[in-house]
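Novice: If you want the building blocks of each chain, they are given just below.
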Amino acid sequence: MASNMRGLTQFIADIRGARVRELEEKRINKEMANIRKRFKDGNLDGYQKKKYVAKVIFTYILGYKVDIGHMEAVNLISSPKYSEKQIGYLAVTLLMHENSDFLRLVVNSIRKDLNENNEINNCLALHAIANVGSQEMAEALAEDVHRLLISPTSQNFVRKKAALTLLRLYRKHPEVIPAAEWALRIVSLMDDTDLGVVICVTSLVMALAQDHLDAFAVCYQKAADRLYRLTVEHEYAATYAYYKVPSPWLQVKLLRLLQYYPPTEDNTLRKVLHDVLSTIMSNSAEPSRNVQHNNAQHAILFEAISLAIHLDTNSPLVTTAAVLLARFISSKETNVRYLGLDTMAHLAARTDNLTAIKQHQGTIILSLRDKDISVRRRALDLLYSMCDVDNSELIVGELLRYLKIADYGLREEMVLKIAILTEKYAGTYKWYVDTILELISAAGDHVGDEVWYRVVQIVTNTEDLQPYAAKVVFEYLKSPSSHESLVKVGGYILGEYGHLIANEAGYSPMEQFQVLHAKSQFCVAPTRALLLSTYIKWVNVFPEIKDQLVNVFERYRHVLDVDLQQRACEYFTLASRPDDDELLQNVCEEIPPFPPRESALLGRLNKKHSDTEDKRTWIHGGKDANLERELTRKGTRKMTLGDINGNGSANGVVHTTGAGGDATADTINSLLGLDLSTSPSSATVSAFPDLQSAPAATLAEAGIPRLTVNTNVDRWFEKLCYTADGVLYEDIQIQIGIKSRYHGHIGQLAVYMGNKQAAPLTSFTTTLHTEEPDAVSVSFAKLAPNSIAPRTQTQQLIHVECKKPFSKPPVLSVSFLAGSHQTIAVRLPIVISKFVEHVKLGQADFFERWKLIGGPPRESQGIFPIKLDEAGHVDLAKQRAIVAGHSLNVLDGIDPNPNNLVAAGILHMSVDGKVGCLMRMEPNREAKLCRITVRSTSENVASEMQRLVQKPLNADTALS
Amino acid sequence: MIHAVLIFNTSGVPRLTKFYTPLQQSASNLTQRIFSLISARPSSLCNFLDAPELEQFLIQKDVDGEKLRVVYRNYATLYFVFVVDGAESELGVLDLIQVFVESLDRAFENVCELDLVFHFDEVHHILSEIIQGGLVLDTNVEEIEAAVKHAAKARRESYASSHPLSLGNKGVGGSRNTGLQTPLNWLTGKLTDSLSAWE
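Protein sequences, first through last, are from chains A and B. So in UniProt numbering the end of the first sequence lands on 960, straight run, no missing numbers. So in UniProt numbering the end of the second sequence lands on 199, straight run, no missing numbers.
By construction, these hints were calculated from the structure, which means they are not laboratory data. Treat the hints with care, since some could be wrong.
[Said to hold, decoys possible] Straight-line alpha carbon distances no greater than 25 Å define the calculated DSS-like cross-link-like pairs of lysine-lysine that follow:
| no. | chain 1 | residue 1 | chain 2 | residue 2 |
| --- | --- | --- | --- | --- |
| 1 | B | 153 | A | 65 |
| 2 | A | 719 | A | 404 |
| 3 | A | 719 | A | 808 |
| 4 | A | 112 | B | 67 |
| 5 | A | 404 | A | 519 |
| 6 | B | 67 | A | 172 |
| 7 | A | 112 | A | 65 |
| 8 | A | 81 | B | 67 |
| 9 | B | 67 | A | 851 |
| 10 | A | 928 | A | 808 |
[To be verified] On the chain A side, residues computed to face chain B include the following (Cβ under 8 Å):
| no. | residue |
| --- | --- |
| 11 | 16 |
| 12 | 18 |
| 13 | 19 |
| 14 | 20 |
| 15 | 23 |
| 16 | 54 |
| 17 | 131 |
| 18 | 135 |
| 19 | 200 |
| 20 | 239 |
| 21 | 247 |
| 22 | 334 |
| 23 | 375 |
| 24 | 377 |
| 25 | 524 |
| 26 | 709 |
Just so we're clear, the structure is a prediction, and the values are computed from it rather than from any experiment. Idealized CB from N, CA, C, for every residue including glycine.
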C-alpha cells in the first residue's frame with residue numbers, strides 16, 4: 001500500500017507539487033536515475049524493492065516510458081510476503097505484455113502460487129495469467145487453472161477468477177483448451193448457487209459455445225432455467241440485486257448467450273423463454289424515478305427484445321416490442337433513443353414485415369439530424385436496414401440530402417451504404433444512374449474506388465443503360481467543378497459508349513472531347529492515363545477529331561511520368577498507322593460484359609470476425625443479408641465437424657488459429673469450396689457417428705454423450721423393449737425407472753430418477769438425443785429440477801412421436817455433480833414395436849395378405865438357436881410373452897402346427913402412415929433352432945421387427 | 001469484451017489507465033484522443049460514442065469487424081471511461097461503471113480524486129476484483145468489498161510480520177494524508193450526466 005511507503009508518498013506529493021511539466025519531468029528523471037543506480041548496486045531488501053517498483057509503476061501510470069524494474073518485479077512475485085508479492089504482480093500486469101521475454105521467468109512462480117493452498121495467492125496468480133497470459137503460460141498452466149475451476153474445494157472467489165482466466169487463455173490460444181471435452185463439466189457450473197460464479201462461468205461458456213455450439217448445447221436449457229428463476233421466480237441472493245433489479249449483468253449475458261443458438265424447437269423451452277421475455281417486457285412498463293434502476297431495467301429490456309426478435313419475428317412478443325421501440329426512438333432521453341434505434345435496426349434486419357417500422361419512418365429520418373452523432377449513426381444503420389423496394393427512393397433521397405451536411409467521419413460509410421441500396425433496390429436504370437452519379441458528385445473524396453468500379457460494371461453489363469448513362473455523365477462533366485471519381489467514370493463511359501449519343505445535338509464528338517479534356521489538367525496521373533485510353537478509343541470511332549487526339553498523344557510523349565509517357569507513345573503509334581489497318585479496330589473492340597459477381601461493396605461493409613472473439617448475432621442490412629450470413633456460418637460450422645473426424649485436419653488449424661487475419665468474403669467462399677470437395681467426409685458426419693466406437697472427442701464436439709456400457713444396462717434395456725415398466729439404470733448413486741404408455745404413433749414415458757445417496761445430487765441435467773430426428777421425436781414435458789434431495793425421487797415426462805421407421809432408439813443422458821461430475825447415457829426403450837397395435841385376422845385373411853406381400857425384400861427371415869426348458873420342450877409361453885410384448889396380436893388356430901406362432905399388428909407412424917406387419921415363428925425342438933419370418937409392406941419394418949423379436953429369444957444374444 | 005478502463009479528471013489528466021488489449025501506439029496519445037472526444041460532448045448527449053478512430057490503437061490486426069464503443073460517465077470532476085466492443089451491452093456497462101464507483105467509495109469512504117492518486121495501487125486492486133482480463137468478475141458491491149478487504153488484511157498481516165515494531169493500522173483508505181485532501185467527496189451522488197433528467 002502506498003501509504004506504507006513514505007518515500008513513495010513523498011514522490012507523489014512532489015510530482016503533484018510540480019507546477020509545470022518540465023519540473024515534473026525533472027523530478028521523475030532524477031528519481032528514475034536514483035532507482036536505476038539502486039537496482040544496479042543490488043543488495044536491496046524486499047521492502048526497498050517494493051518501494052522502488054511502486055515508484056516505477058506510478059511513473060508508468062503517469063504516462064512516462066519506463067524501462068527498468070522488470071527484473072525486480074519478477075523477484076517480488078516469489079516473495080513470501082503478500083504485500084511485496086502483490087506489488088510484484090501489479091508491476092507484471094502493468095509493465096509487461098504477453099510477448100514480453102520476462103514472462104518466461106515468472107511461469108514457475110505463478111505455477112507455485114496457483115498450486116498453493118492459499119486462496120489469495122491463487123487469485124494473484126490467476127489475475128496475472130488473465131492479464132498477460134502468453135502462449136507458454138497457456139500451455140503450461142491451462143490444466144492447473146481448469147483444476148481450480150472445477151475443484152469442489154475451491155472457494156467461490158477463486159473459481160470466478162479461474163473461469164475468466166480460462167476464457168482469456170482460450171481467446172488467445174484456443175488450441176490448448178480441449179473445450180468440447182470439458183464442456184459438460186463447465187456447463188454444470190452454471191447451476192452454482194453463487195451468482196458471482198454463474199456470471200463468470202456464463203462468460204466462459206458464451207465464448208466456448210460460439211465455436212462449439214453442439215458440445216455446449218446443454219447450456220441453452222441452463223440459461224433459460226436461470227433466467228426463469230431470476231425474473232419469474234425471483235430466486236437470487238439479496239446482495240445481487242442492483243437497485244432492485246436481479247443481477248442485470250448476468251441477465252444480459254444469458255439473454256445474449258441464447259442468441260448464439262438457433263431458436264429452440266423444444267416446446268417446453270419455448271414456453272419458459274416466452275414467460276421470461278414477457279415478464280421482462282411488462283416489468284419495464286412501470287418506469288421508476290431512480291436513474292440506476294431504470295438503467296438496469298432497460299439494459300435487460302433491450303437484450304430481451306433482441307432475443308425475442310431472434311426467436312421468432314412473428315411472435316406477439318415482437319409486436320409488443322415494436323410498440324415499445326417506437327416509444328423509445330422518440331424518447332427525451334438520449335441513451336434510450338440511441339438504443340431504441342439500435343434495437344429497431346435489429347428488428348428491421350430480421351423481420352419479414354417492415355410495416356410496423358415504416359410507420360415511424362418520419363421519426364427515424366428526423367433522427368438523422370439529432371444533435372448527438374452517436375444517435376445519428378444508429379439512425380443511419382436503421383435506415384439502411386429498413387430500406388426495401390417501396391421506400392428506397394425516399395430513403396436514398398433522404399440519405400443523399402443528409403450526406404452533404406453529414407459529419408466527415410460518417411461520410412465514407414454512408415456512401416457505401418447508399419451505393420449498395422441504390423443498386424439493390426433500383427426500380428429503373430434511370431434512377432440508378434441519376435442517384436449514383438449524384439452520389440459521386442456530392443461525396444467526392446469519400447467515394448472509394450469500389451463504388452465507381454461497380455458503376456462501370458453495371459453500365460457495361462446493361463445495354464439499355466448505356467446511352468442514358470453517357471448523356472448524364474456528360475451533363476455532370478459540364479459543371480465547372482467535377483470530382484476526380486466523376487472524371488474517371490466519365491472517361492470510361494464516354495470512351496466506351498460516347499459514340500452511341502454522338503449523333504444527337506449537343507453531344508458531338510468535339511464537344512465530348514472538349515468537356516473531358518478540360519478536366520484533364522486538374523487530375524492526377526492515373527486518371528490522366530485513363531483519359532488517354534479514352535482518347536485512343538475515340539480515335540477508332542470518331543475519325544473527325546483524330547487530329548486533336550493525336551495532338552494530345554504527341555504532347556504526352558514528353559511528360560516525365562513513365563506510365564503516361566509509355567501509354568502516349570504506344571497510342572500515338574497505334575493512331576498513326578494507315579487507315580486501312582485493322583489493328584486499331586481490334587484493340588478497341590467493345591468491352592465484353594463482366595462475368596456476374598457479387599458486389600465488392602458488401603464485402604467491404606461486413607468484414608469477417610477473428611475466430612475466438614464474440615461474434616455479432618446479426619448484421620445490418622435486410623432479411624436476405626442475414627439469411628445469407630446464416631448459411632455461410634452453417635457452412636463453416638459443418639466443416640468444423642468434418643475436421644474432428646480426422647478429415648482435412650489442415651483446415652481445422654486454419655479455423656482455430658485465426659486465419660481470421662485475412663478473412664474476407666473470399667476466405668469464406670474458399671472454405672465453402674473445401675467443404676464441397678470433401679463431401680464424403682461431411683456425409684459421414686451427417687450420418688451420425690456410431691455412439692460406441694467413435695472417438696470421445698468427436699462425440700463431445702457434436703454434443704452426443706458417450707453411452708454407458710455394461711451388461712446390466714443392455715439387459716434392462718432388452719427387457720423394457722417388450723415390457724412397459726421397469727428399471728432402466730441403477731448404480732450406487734442413482735436409480736432410473738421407466739413407465740410407458742403408447743397409443744397409435746404417440747407415446748408417453750414417465751422417467752423416475754431417484755437419488756440413493758445421503759447427499760443431494762446437484763447441477764442435475766437431463767437431455768435427450770435422437771440420431772434419427774426425422775423418424776422419431778422425443779421431448780421433455782418440462783425442465784428438470786436442477787437438484788435432487790437425498791433419498792428422494794423426481795419424475796420427468798417424455799413425449800414421443802413416431803414419424804417413420806427407425807432403428808436407433810433415442811438416448812437419455814443424465815448428468816449431475818456428486819463430488820465429481822458424472823454422466824450416464826442410456827438408450828431409451830423406444831423401438832418401433834412400441835407403436836404397433838393389435839389387429840384381428842382370420843385364417844383366410846391372414847394367408848391372403850401373407851401371399852400378397854410376398855417374399856424378399858418385403859420379407860425378412862432368420863434362423864436362430866433357442867434354449868429348451870428344463871423338460872426339454874420349446875418354451876412356448878416365453879415366446880408368446882415376448883411376441884405379445886412387442887405388441888403383436890398372437891393369432892391362434894391359423895397355423896396347423898400348434899407349436900408354430902403366428903401374429904399380426906399394424907405399425908402407426910405420423911408421417912409414413914400405417915404399415916401392416918405379419919409374423920410367423922417355427923421352433924424346432926430337435927435341432928434347438930427356430931425360424932422367424934416377418935412380412936411387412938415396408939422392407940425396413942420387416943427387418944427391424946424381425947431383429948427386435950428375435951433378439952431376446954436367441955440363445956446366443958438374449959440377456960434377460 | 002472490455003478493452004480499456006480509464007479515469008481522467010475534467011482537465012484531461014489521466015488518473016487510472018488500464019488496457020486489456022496490448023496497445024498499438026502510445027497510451028498517452030490514446031487517452032488524449034478519448035478525452036478530446038468526450039469532453040466536447042455536452043451532458044445532454046448520450047453516454048455512448050462509436051469510436052472507429054480508436055481501432056488503430058487497440059485492434060491488432062487490420063481485420064475486424066467489431067466496432068469499438070466508448071461508454072462513459074461523468075462524476076463531479078472525474079470521467080469514468082470504458083472502451084468496449086459490440087459484445088457488451090451499453091447500458092450494462094453503464095451499470096458497471098456505477099458498481100466500480102460504489103466499490104471505490106466503500107474502500108475509501110467518500111472517494112475523491114486524490115485517493116486515486118495516492119492509492120493508485122489500491123485502485124488497481126479494486127478494479128481487478130471487478131474486471132479481469134477484460135471480462136467482468138463480479139457486479140456485487142458486497143462481494144467486491146469483501147474480496148478487497150480480504151486482500152488488504154493479508155497485506156497488513158504480512159506487513160506486520162515483517163515490521164513487528166510498526167504502530168497503528170495502515171488499512172485501506174484509513175491513512176489518507178489529511179493535509180493534502182481536497183473536498184471532492186461522495187462521488188456516487190455526483191452523477192452529472194443526463195441520466196438524472198430521467199423521468
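Novice: Could you run down the list of hints and mark each one as holding or not?
Specialist: Each hint, compared with the structure:
{"no.": "1", "hint": "B:153 to A:65", "verdict": "33 Å, violated"}
{"no.": "2", "hint": "A:719 to A:404", "verdict": "79 Å, violated"}
{"no.": "3", "hint": "A:719 to A:808", "verdict": "16 Å, holds"}
{"no.": "4", "hint": "A:112 to B:67", "verdict": "39 Å, violated"}
{"no.": "5", "hint": "A:404 to A:519", "verdict": "23 Å, holds"}
{"no.": "6", "hint": "B:67 to A:172", "verdict": "20 Å, holds"}
{"no.": "7", "hint": "A:112 to A:65", "verdict": "31 Å, violated"}
{"no.": "8", "hint": "A:81 to B:67", "verdict": "43 Å, violated"}
{"no.": "9", "hint": "B:67 to A:851", "verdict": "72 Å, violated"}
{"no.": "10", "hint": "A:928 to A:808", "verdict": "30 Å, violated"}
{"no.": "11", "hint": "16", "verdict": "7 Å, holds"}
{"no.": "12", "hint": "18", "verdict": "12 Å, violated"}
{"no.": "13", "hint": "19", "verdict": "14 Å, violated"}
{"no.": "14", "hint": "20", "verdict": "14 Å, violated"}
{"no.": "15", "hint": "23", "verdict": "15 Å, violated"}
{"no.": "16", "hint": "54", "verdict": "7 Å, holds"}
{"no.": "17", "hint": "131", "verdict": "6 Å, holds"}
{"no.": "18", "hint": "135", "verdict": "14 Å, violated"}
{"no.": "19", "hint": "200", "verdict": "6 Å, holds"}
{"no.": "20", "hint": "239", "verdict": "4 Å, holds"}
{"no.": "21", "hint": "247", "verdict": "7 Å, holds"}
{"no.": "22", "hint": "334", "verdict": "4 Å, holds"}
{"no.": "23", "hint": "375", "verdict": "7 Å, holds"}
{"no.": "24", "hint": "377", "verdict": "5 Å, holds"}
{"no.": "25", "hint": "524", "verdict": "25 Å, violated"}
{"no.": "26", "hint": "709", "verdict": "40 Å, violated"}
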